[in-house]
Amino acid sequence: MQINIISKHLDMTQAIEEYIYTKASKLTRFYDRIEQIEVIIEKTSHGFMVEILTNVEHHENIVATNEDNDMYAAIDGSVDRSVRQLTDLKSKLRDHKHNTPTGGIDR
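All residue numbers for the sequence shown refer to my numbering, where the first residue is 1042 and numbers rise by one.
Take the hints with a grain of salt, since some may be wrong.
[Said to hold, decoys possible] Lysine-lysine pairs mimicking DSSO-like chemistry, simulated, CA-CA at most 27 Å apart:
no.: 1; residue 1: LYS1084; residue 2: LYS1133
no.: 2; residue 1: LYS1049; residue 2: LYS1084
no.: 3; residue 1: LYS1067; residue 2: LYS1049
no.: 4; residue 1: LYS1049; residue 2: LYS1131
no.: 5; residue 1: LYS1067; residue 2: LYS1084
[Said to hold, decoys possible] FRET-style restraints, in silico, Cβ to Cβ:
no.: 6; residue 1: ARG1135; residue 2: SER1086; range: 36 to 44 Å
no.: 7; residue 1: VAL1104; residue 2: HIS1050; range: 14 to 22 Å
no.: 8; residue 1: ARG1135; residue 2: GLU1076; range: 17 to 25 Å
no.: 9; residue 1: THR1054; residue 2: GLU1108; range: 26 to 34 Å
Just so you know, these hints were derived from the structure itself, not from any lab. Just so it is clear, the structure is predicted and the values come from calculations on it, not from any experiment. Glycine included, every Cβ here is placed at the ideal spot set by N, Cα and C.
Can you build the whole structure from these sequences, using the hints too?
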């Protein structure tokens, strides 16, 4: 899996880059068919905007954006949105195969 980090209108420090890398690498825990993750961090007039583009095998790219005054909060928020979208995709694929719990009727 490849992780690309792109910064716009700000200088990327080693600490920020490592923080983004550790957060983005945790996305594979929630869905194992991730091919590439691209993190775009941008300084805006209102704070910071972080966009995470997740390239998933046999599916469209998953896009999660978040804007906040604090850069670390914006990163955390976009990672949380990516996690939610990946878990929803995983449950959708499992339900598509008609997996019902053992023991009877699904209520």
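To see whether the hints hold, each was checked on the structure:
1. A threshold of 27 Å between alpha carbons decides the hint, and for LYS1084 with LYS1133 the separation of about 35 Å lies outside it, so the pair is violated.
2. Taking the CA atoms of LYS1049 and LYS1084, the gap is near 6 Å; set against the 27 Å cutoff, the hint holds.
3. This hinted pair checks out: LYS1067 and LYS1049 have alpha carbons roughly 24 Å apart, not beyond 27 Å.
4. Restraint check for LYS1049 and LYS1131: the C-alpha separation of about 32 Å exceeds 27 Å, so the hint is violated.
5. The straight-line distance between the Cα atoms of LYS1067 and LYS1084 is roughly 24 Å, inside the 27 Å bound, and the hint therefore holds.
6. With their beta carbons about 43 Å apart, ARG1135 and SER1086 fall inside the hinted range of 36 to 44 Å.
7. At about 20 Å, the CB distance of VAL1104 to HIS1050 agrees with the hint of 14 to 22 Å.
8. The supplied range of 17 to 25 Å is met by ARG1135 and GLU1076, whose beta-carbon atoms lie about 20 Å from each other.
9. At roughly 20 Å, the beta carbons of THR1054 and GLU1108 sit outside the given window of 26 to 34 Å.
Violation of the numbered hints given earlier is confined to hints 1, 4 and 9; the remaining hints are satisfied by the structure.
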